[in-house]
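Residue numbers (this note's numbering), protein chains in the order written: chain A, 1 to 347; chain B, 1001 to 1274.
Hints are computed from structural coordinates only; laboratory data are not their basis.
For every residue, glycine included, the Cβ atom is placed at its ideal position computed from N, Cα and C.
One-sided and incomplete, this derived list gives chain B residues near chain A with beta-carbon spacing under 7 angstroms:
1) Leu1059
2) Pro1090
3) Pro1096
4) Gly1098
5) Glu1103
From the structure, some residues in chain A lie toward chain B, with a derived Cβ separation under 8 angstroms:
6) Leu234
7) Arg240
8) Leu242
9) Asp289
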Amino acid sequence: MAATLVPPRARTGTLPRRRPLLGLAVGAGVLAAALALSLAIGGRPTSLAELLHALFTPDGSVADLAIRELRWPRTVNGLVVGACLGVAGCLSQGHTRNAVADPGLLGIYPGAALAVVGGSLVFGGAGTTTYAQAALAFCGAVVACAVVFAVGSATRHGVTPVTLVLAGAAVSALAGGFVSLIVLSSDAALDTLRFWQLGSVAVRGGLVPQMLPFVAVGLALAAANIGPLNALALGEDTARSLGVSVARARFLGLASLALLAACAVTLAGPIAFAGLLVPHMVRGLVGADYRWQLPGCALLGASLLLLADTAGRVIARPGELPVGVVLAVLGAPFFVHLARRRRLVTL
Amino acid sequence: MKSTEETTPILAAEGLSLGFDGRTVVHSLDLAFERGTVTTVIGPNGCGKSTLLRGLGRLLRPEAGRVTLDGAQIAAMPPRAVACRLSVLPQTPQAPAGLTVGELVARGRHPRQRWYQQFTGGDERAVSDALAATDISDLAGVPLEDLSGGQRQRAWISMTLAQETELLLLDEPTTYLDLAHQVEVLELVQRLNRELGRTVVMVLHDISLAARYSDRIVAMRDGRIVASGTPGEVITPRLLWDVFGLKAQVIAEPTDGRPHVVPIGGCRVVRAVS
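Chain A on its own, in the form it takes in the complex (with noise of 0.2 angstroms):
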């Protein structure tokens, strides 16, 4: 019947495909550099002969060791949490189709913090070990996201984008004054939280086994979601034309935000802004397709969260900023950017 009404054409453009995969391409080289320099610069300048040796033939010697031990967790650490940052920030955009949503949407953030800095008061020195602080900061951020995810589908539509961020918001305040609160009584508490706060991939490199199945459970839900997550940019009622259940498809895609959030406050404590910015930078990228979208963002998140850490090291020689701070002074002005062009972006 199709015969008829269709002429014979050449299918030539149907699906322009190259450009996405250009820009994967680019990505991958990108995180390949990231990688090369977070093992090659560190406090003591080490060149690409010793790399080479350090990763291929090691024997023992200091640059062996320094590269071994010292900058390889860390970096498969910064690895870890750029490519959970980078996912987690397009999933949030994704789902609320909100330009400047980021993985701290859920209450991550302040709900890790108030765990780690409550944690201190109640069991006093062993809560501020390095694995307590890695639960405790664990738990209080799927708690988080559980206690919001509950307020915001309390309401006779279910949970929608706009809920959820009120509901996050409310959470994040009330986590927060509790925090304050509590550092406020407490200077233990005080120094913990202080401890805590900075943004950091150095710490806790050693946790990051630990932290691998969670990683994975939550890359393999974002997966899974990429083809509702594309129904639902045509809106709501499109994707239940096409046949997405929408309230499963938004519990999945939260659940796999919060737990790649959580991995990432745990294994590095909060770190702004590179959430918000990897989606941005895929998006142009890759174009508006969460196939190469959400694959992009993993790829480029961990490229800057390494970069931002490498970088982190050269600025401030012979000690090092946290990867937290340099973000966020890098973050600020792209914010600006964004703020300033001409056509805003939709999702």
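Starting from the known structure of chain A, fit chain B onto it as the hints suggest.
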């Protein structure tokens, strides 16, 4: 009573009540759509015609009653299975910045894709057929925001075509278009119906255009059906007064004799009472 495939309407509403925000907008309505027909729902603003279309397209859960697709209750079917047989074009669909026509139309394939099977040759063919049917093959690489209103509407209709469903529900497909573009879109709908055998249910504001391009007209007021039948049966001066509060003459159109509305003026705008 069991009926054969011939007599079962492709889409039907039985005792269907619809509403939102705690307000019932459509009141226990019975309606059936025959296979291979174009049906247009007309009525004043706020009469519930868009709500009815959303309910028929299972975008809105019924408060009471049910919608059936070939006799099977739509609410009990898996969403993807419904999406393979019925597509809905909402009134004001949204698209992200930078989305190209080709990418948009390809998203119509979503119900037939799985995570392990992203884009097959069949998908590719369906997309290029849909682009060709709406005559926008050459625009595949162009971002949606660079198109004219008429082209954009054709791109959206093309997306619903790529879904390859026998039923198309279109909510005011001609909104914001000038008369030439409205006719262009409706000619397209007519071709889809006549040449591809699609069953179409749509909402339109222009009664004369509705009369010209539809097999059946359903006139609604205050969430209830006032009249339904062929354009000639339904569109009368009496009905226009009853439904729209519009004083008008109905003349036979010179080309095919279908009813054409000539407003006289002295309107009494009917407001929906909730």
